[in-house]
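Protein chains in written order, with my numbering: chain A, 2 to 137; chain B, 2 to 137; chain C, 2 to 137; chain D, 2 to 137.
No lab work stands behind these hints: they were computed from the structure.
One should not assume that every hint holds.
As the list makes no split between identical chains, a pair holds if one copy fits it or if it spans any two.
[What the hints assert, rightly or not] List time: in silico EDC-like cross-link candidates among lysine to aspartate or glutamate, alpha-carbon distance up to 16 Å:
#: 1; residue 1: K117; residue 2: D75
#: 2; residue 1: K49; residue 2: D75
#: 3; residue 1: K49; residue 2: D74
#: 4; residue 1: K69; residue 2: E102
#: 5; residue 1: K69; residue 2: D115
#: 6; residue 1: K69; residue 2: E57
#: 7; residue 1: K117; residue 2: D39
#: 8; residue 1: K49; residue 2: D115
The model shown is predicted, which means the values in this text are computed figures rather than measured ones.
4 protein chains.
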Amino acid sequence: MEGFNFHTDVTVRFAETDAQGVAHNAAYLVWFEVARIDYLARYAEGYKHIQEQGYEALTIESHVRYLKPVHFDDRLVIHARCGDIRGARFRYEYAVTRDGELVADGWTQHAVVDAKSLRPARFPAWLAEAVANAEA
Amino acid sequence: MEGFNFHTDVTVRFAETDAQGVAHNAAYLVWFEVARIDYLARYAEGYKHIQEQGYEALTIESHVRYLKPVHFDDRLVIHARCGDIRGARFRYEYAVTRDGELVADGWTQHAVVDAKSLRPARFPAWLAEAVANAEA
Amino acid sequence: MEGFNFHTDVTVRFAETDAQGVAHNAAYLVWFEVARIDYLARYAEGYKHIQEQGYEALTIESHVRYLKPVHFDDRLVIHARCGDIRGARFRYEYAVTRDGELVADGWTQHAVVDAKSLRPARFPAWLAEAVANAEA
Amino acid sequence: MEGFNFHTDVTVRFAETDAQGVAHNAAYLVWFEVARIDYLARYAEGYKHIQEQGYEALTIESHVRYLKPVHFDDRLVIHARCGDIRGARFRYEYAVTRDGELVADGWTQHAVVDAKSLRPARFPAWLAEAVANAEA
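With the hints as constraints, model all of the structure from the sequences given.
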């Protein structure tokens, strides 16, 4: 998808559908997270590496637009890009496509915190660089 | 909570926590839904009544701000109000408090659709009135 | 329910349904957990107290029989009893009723472990007594 | 894994962990379902095909043994086999491995029902054959 440097694939699980016959609105936040984890595995040695360095990334804001219903067993592509790093904060943007058609989009905002105190920490330089390189 | 005419109580389930030791970000959308369902039960004879009339309400947009981490077994109050009804669309706003302190807020946007075709339907007058009375 | 000394109430959430229009089979394990937590709050000062004493209880086995489908907004009663304490292990049994009719039952087996090492610990005497008193 | 003719891969999602730092016990039932769906896609033209023929498969019993805790980002292999077809009922057995080590196992029992009435239906011959061939 134009403007996105990364994507990961997700198939809608039966457990993620609801009695309307479509994927439940909360499932999209789980898929966004799956994309973030895969993104960090590709560009920043993985979330576990970040944790081992003593950091956690908290989700502090989320936004989803549900443009088309998606159904059980649909193959979705979750496009993701990370940017807008400011101090301890960073932002991911997402576009969800099915057969090339945009079915949802959204963004999440995160804060890097010290893993023990859960207090804000400076965004580690190595992580900022890794993410910046991903953008190149 | 000032400006809110309705609230429902939720206790954070262990299954809703994650390995950061806090409630997962997707759980808030489930709590918002619990509040909507309770709201409709109070003011509009319940969601099942809406379904029996041949309607469904799709979630078309969601927004959450996670202000303070919440933990297993925390007693939360989900404040909700419904408004901004335009054609087939309506909006809920939420504030989540714990011991009187605001820990999250957000909103969801919905579209009334025909239950069979999932195509947009006019917002039923009786439902609009019920919701409007709730606001009074 | 005969033979059960405790129950807790659960209303089926929309997010817990699936595209078959019934509650998803995994949701029952979450409801069993809700009942265990409420049970421990009543008889053993709560799960947090157990954690503060340096223990965790791991789930090591689960079994569910789904006798009747349950639907969105159904009011369920989760009956629970704890017993069969042997060394570090204990067992919960459950019966799920709707309007007095049995719709599911099951059991879970647990091991008390040291919270830090996750290694088996002796079942604390005070917890065994609390649970035994509950049985009385 | 010996005795299993099929497997599918699952990576533990962050959303599937809980505050004990391990995958929640209900997540295993979701993974079992993912394996069933993949199994039917391989051997019986997929679950959607079964639905299009007017059938649904209800889960009527489940059993899980949690042998070793699994953690965020663990790569799991869900081994599955289907068998013991009797009338409208069939059974799946599962073994979950991580790096070749057994970390959980279990089984689920299912009933084929008419998709509209949710009443028991005869197990379709073509489905029984498909599954039997898988066993070969």
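Each hint, compared with the structure:
1. Taking CA atoms no more than 16 Å apart as the test, K117 paired with D75 passes in neither setting, with 39 Å inside one copy and 20 Å between copies.
2. Taking the shortest Cα distances, K49 and D75 sit within 16 Å of each other only across copies (11 Å), while inside one copy they are farther apart (29 Å).
3. In this homomeric assembly, K49 and D74 come within 16 Å of each other (Cα to Cα) only across copies, at 8 Å, whereas the closest approach inside a single copy is 29 Å.
4. For the homomeric pair K69 and E102, the shortest alpha-carbon distance inside one copy (9 Å) is at most 16 Å, but the shortest distance between copies (36 Å) is not.
5. Taking the shortest Cα distances, K69 and D115 sit within 16 Å of each other only across copies (15 Å), while inside one copy they are farther apart (38 Å).
6. In this homomeric assembly, K69 and E57 come within 16 Å of each other (Cα to Cα) only across copies, at 15 Å, whereas the closest approach inside a single copy is 33 Å.
7. Within a single copy, K117 and D39 get their C-alpha atoms no closer than 24 Å, and across copies no closer than 29 Å, so neither meets the 16 Å cut-off.
8. For the identical chains of this complex, K49 and D115 are intra-copy neighbours only, at 14 Å inside a copy versus 24 Å across copies, given an alpha-carbon limit of 16 Å.
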